[in-house]
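Chemist: Let's have the full structure, built from the sequences with the hints guiding it.
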Amino acid sequence: MLSPSPSPAEGGALSTKPIEELDSVTIRFAGDSGDGMQLTGTQFTDASALFGNDLATMPDFPAEIRAPAGTVAGVSAFQIHFSSRDIKTPGDDLDVLVAMNAAALKANIADLEVGGILVVDLAGFGEKDLEKAEYRSNPLHDGSLTGYRLIEVDITRLTVGAVEHTGLKGRGAELCKNFFTLGMMYWLYDRPVEHTLTWIQSKFGPKTKYKDKPEIAAANQAALLAGFNYAETVELFASHYRVKKANLPAGKYRKISGNEATVFGLISVAQKAGLEIVYGSYPITPASDVLHGLSRQKHFGVLTFQAEDEIAAMASIVGAAYGGALGVTATSGPGICLKSEAMGLAVMTELPMVVIDVQRGGPSTGLPTKTEQSDLLLNMFGRSGDSPLPIVAAKSPGDCFDMAYEAGRIALKYMTPVVLLTDGYIANGSEPWLIPDPETLPPVKVNRVTSKSGTEFLPYERDKETLARPWAIPGTPGLEHRIGGLEKAQQTGKISYDPDNHDAMTRERAAKVAGIAKDIPAQAIEGDPSADLLVVSWGGTYGTVSTAVFDCNANNIKVAHVHIQYLNPFPANLGQILGSYKKIVIPELNMGQLRMLLSGTFGVAADGINLVRGKPFRVSYLVDKFQRIVKALS
Amino acid sequence: MSTTLATPENPAPEAPAGLTRKDFASPVAIRWCPGCGDYSILTAVQGVLPTLGLAKEDFVFVSGIGCSSRFPYYMNTYGFHTIHGRAPAVATGVKLSNPKLQVWVITGDGDALSIGGNHFIHALRRNLDVKIILFNNRIYGLTKGQYSPTSAVGTVSPSTPFGSVDQPLSPLSLALGAEASFVARTSDNDVKHMTEVFTAAAAHKGSALIEVMQNCVIFADKVHEPYYGRTTKQDNLVYLQDGKPLRFGKELEKGLVLNGLSLEAKENPADAEVLVHDSKESSGTLAFMLSRMAHPEYPVPVGVFRDVERPTYTESVRAQMEATKAKSPAPDLGKLFNSGSTWTVE
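As they're listed, the protein sequences go chains A and B. Number 306 in the numbering used here belongs to position 306 of the first sequence; there are no gaps in the numbering. Add 634 to the 1-based position in the second sequence for the numbering used here, that's all there is to it.
It is possible that some hints are incorrect.
To list a few chain B residues with every Cβ distance to chain A over 10 Å, as calculated [unchecked claim]:
hint, residue
1, T677
2, L686
3, T794
4, Q801
5, P802
6, T833
7, A837
8, K839
9, Y873
10, T919
Below, a sample of chain A positions facing chain B; criterion: calculated Cβ distance under 8 Å [what the hints assert, rightly or not]:
hint, residue
11, P249
12, Y253
13, R254
14, F264
15, V318
16, Y322
17, A325
18, P436
19, P477
20, E480
21, I483
22, L486
Partial list, computed: chain A residues near chain B (C-beta under 10 Å) [said to hold, decoys possible]:
hint, residue
23, D46
24, K245
25, V302
26, L303
27, T304
28, A320
29, A342
30, F401
31, E439
32, K494
Treat the hints as calculated values from the structure; they're not laboratory data. For glycine and all other residues, C-beta sits at the position ideal for the given N, C-alpha and C.
Modeler: Below is the structure:
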């Protein structure tokens with residue numbers, strides 16, 4: 001079983017089975033937390049990306065690191081949608097579900113399309129497995145799966161046999177089953193195996209800590225090839241499938257997740273500004289990968305500080321921004337709650353910082369590993385006093401790069417903390433990313449001053465155009481000054497309790513943030529601008545909403561769409577756009593936060609489509625909603 | 635694209651010749667109550683800074699909230715009056731971003747030990763290289779007199795009209811437990827002693843905690859009087875000096891001796907019995923025992939309890955960054971973006 005028939009991608013011997021062409025496929029790998037499903041999914045994603053498909057992924061894992069094995073609570077899954085077309089979502093219904101045990105089947109079967117392929121590992125359907133998954137009868141035998149193309153494979157046993165010659169035995173051999181499964185899927189969808197073989201070598205090979213255990217790399221490689229050959233040899237699948245390369249814009253690509261893109265965006269804006277980043281952060285799901293990512297990039301002048309708590313993380317970046325660095329922190333909703341007082345200090349002292357909220361289900365601890373977009377109003381208003389700060393939101397994994405860069409650019413130019421909103425869905429999801437040329441990144445203005453403009457240094461003397469105050473960092477001779485959380489006198493920054501001054505300073509802070517509207521792109525309209533229905537969305541729902549809008553228009557259901565990336569201030573033309581549609585509907589993964597903000601700001605009446613299920617919208621759900629609304633309008 | 639902070643317009647400090655205390659006094663009118671102990675602390679600090687060989691612009695005073703936290707406004711240096719309890723965390727960011735600065739944190743017993751307890755612990759644990767002056771008046775002054783984490787049991791205050799019932803803590807025991815590398819105590823009525831202690835703290839490489847027994851004339855007047863007053867101190871303070879026996883009393887007739895696992899204040903002990911102070915003692919045991927001594931059972935120690943050297947957080951993280959820079963090629967965004975697997979679409 002060791003030598004595979006070379007895969008068609010190698011241009012070698014061809015499979016004897018017929019190949020059908022498909023536009024796009026959605027696969028979900030599901031198993032126990034310890035089964036390596038995230039790894040399997042990531043490898044399949046890499047192979048598809050390298051092959052040239054467009055793709056979108058969505059990992060789904062439990063909040064517990066090791067939930068009880070075999071239970072529904074412990075199921076970990078990874079979904080990938082790959083296509084020869086331009087796609088923006090990880091897919092609604094599954095074409096293929098791989099279930100490594102009974103619990104994985106139970107947790108995921110509802111998403112498999114009728115007639116879809118269901119691959120199960122028989123070893124995961126023993127009496128105990130069924131019991132843990134709380135199945136009363138064996139679904140493989142009780143007829144409940146008749147609507148699917150059920151493919152039962154004794155994956156674990158076959159894997160153990162396939163790796164026997166490497167010397168790996170017992171549990172270690174069984175653990176290779178995810179690669180056997182991956183091999184089967186590679187055959188089924190005509191993916192090359194080479195990338196994964198190389199990856200295994202780089203992870204477990206002679207140059208790694210496993211160098212004294214060569215059997216590990218050998219066994220995993222053998223399992224992958226065995227799975228591939230097994231699918232080819234045995235009459236499991238009637239045919240296999242090919243999804244052609246996507247017609248993406250020309251250029252060099254890589255796969256990127258939202259959190260990775262955020263890291264790149266932050267480093268880029270700091271490099272462009274010639275500044276160091278001080279990143280103060282406290283670990284929290286789903287934002288920790290930003291901390292991990294930045295910690296590896298110290299040579300870019302990135303200093304990461306794992307603070308004692310969320311409060312210290314925020315306070316430290318206020319200090320770092322005072323000290324002359326770009327202060328950055330990332331957290332999720334509960335962390336923003338703790339940071340809010342120090343964010344108010346950042347507003348008061350007008351220093352450049354980026355605060356990232358990778359949103360998750362709330363309130364309180366909520367759903368740590370599930371997505372939601374319910375922190376908009378928290379970030380907009382969740383501080384004492386009138387405390388305005390700019391807010392931008394990323395719309396996709398790759399867009400996290402652009403919006404992190406924008407957040408930094410605005411923070412430095414306007415001397416203000418800026419909130420960047422992402423969410424668990426786009427932070428952990430990934431897509432192909434057209435690698436930008438660093439030279440084409442927008443310029444970044446820094447307000448650093450090194451001398452007084454008059455006889456006295458005025459820490460709150462505002463730039464006439466931007467209203468930004470000067471950034472005089474400690475160590476600069478002659479500009480010694482004191483700032484703090486108490487209200488400042490205009491210009492001098494001295495403590496002032498004067499009523500007129502407080503009124504004036506409150507208005508100055510607001511005017512500064514409002515003025516940023518002149519410095520951001522006008523709101524674009526997508527879909528069919530001549531429609532009666534305008535769909536308004538923001539943040540990580542862009543992929544599903546825009547796909548639903550596209551599908552509607554393709555079916556002659558006219559829908560216009562604006563997706564807002566700048567939430568404070570809004571683009572200058574947004575009010576005018578909103579005022580020119582008969583009907584506005586706002587889909588959000590919250591109970592109507594943007595809707596409240598838009599109705600308060602522009603006085604527009606809008607309907608909401610609101611779901612808080614910890615999951616992105618389904619395209620079909622939105623298409624159906626839009627369709628009904630359009631019908632009712634005509 | 636420079637990523638270092640040393641710039642031509644922001645040079646390293648050099649011979650700040652001729653600085654005097656006046657250079658460090660800001661023109662702002664001081665608003666502490668007449669007779670407040672804070673005035674003498676300000677005087678002592680303004681006297682120490684010109685002797686440290688640093689330029690004026692290289693000092694930053696960071697404070698939290700409370701009467702003492704107005705301190706930065708009265709210093710003609712860079713200063714940051716932050717939010718309640720968070721001064722050590724803000725100071726951490728200042729120091730990390732700009733390591734050549736000498737950063738002083740001004741805090742009080744409520745600010746540092748109650749609302750800001752966590753940051754206080756970690757600034758010391760990390761050995762951040764900031765100097766923390768804790769004004770301990772054993773009361774909340776700015777909020778009008780509630781009891782604090784250092785108030786004695788039974789303290790009658792607006793929030794404890796029948797007397798407080800909870801155990802106070804020793805800031806110095808807490809600091810030592812938090813692995814502080816420099817811990818000292820001094821008093822607001824002794825500018826000379828404060829000057830010595832602040833000077834030693836400034837010279838220490840690493841985080842330093844200096845507790846100043848400070849008098850609040852309004853809400854806790856004479857709270858320290860029983861041990862640090864003109865007439866009480868000879869019998870109730872023991873001055874810590876390295877290499878000197880731990881003796882006190884008018885004729886130094888009393889001394890601290892070890893009795894089992896405890897210290898004992900003994901009348902007329904033999905010279906050989908009396909403990910000799912050693913702030914460098916590596917285990918910190920002596921410093922901790924001294925930090926447990928409280929009036930009236932014991933004399934109150936003043937001076938430097940502990941002064942040991944270990945790597946500072948700032949220098950360690952900076953060294954790690956420099957080592958990474960030395961090993962890596964010049965920062966290149968293109969390389970970063972292209973790391974990992976890439977593919978080209980024609």
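Chemist: A separate judgement is required for each hint: does it hold in the structure or not?
Modeler: Tested hints:
| no. | hint | in the structure |
| --- | --- | --- |
| 1 | T677 | holds (19 Å) |
| 2 | L686 | holds (15 Å) |
| 3 | T794 | holds (26 Å) |
| 4 | Q801 | holds (24 Å) |
| 5 | P802 | holds (23 Å) |
| 6 | T833 | holds (22 Å) |
| 7 | A837 | holds (21 Å) |
| 8 | K839 | holds (19 Å) |
| 9 | Y873 | holds (35 Å) |
| 10 | T919 | holds (26 Å) |
| 11 | P249 | holds (7 Å) |
| 12 | Y253 | holds (5 Å) |
| 13 | R254 | holds (5 Å) |
| 14 | F264 | holds (6 Å) |
| 15 | V318 | holds (6 Å) |
| 16 | Y322 | holds (6 Å) |
| 17 | A325 | holds (4 Å) |
| 18 | P436 | holds (7 Å) |
| 19 | P477 | holds (5 Å) |
| 20 | E480 | holds (5 Å) |
| 21 | I483 | holds (6 Å) |
| 22 | L486 | holds (7 Å) |
| 23 | D46 | holds (6 Å) |
| 24 | K245 | holds (8 Å) |
| 25 | V302 | holds (8 Å) |
| 26 | L303 | holds (6 Å) |
| 27 | T304 | holds (8 Å) |
| 28 | A320 | holds (4 Å) |
| 29 | A342 | holds (6 Å) |
| 30 | F401 | holds (9 Å) |
| 31 | E439 | holds (9 Å) |
| 32 | K494 | holds (7 Å) |
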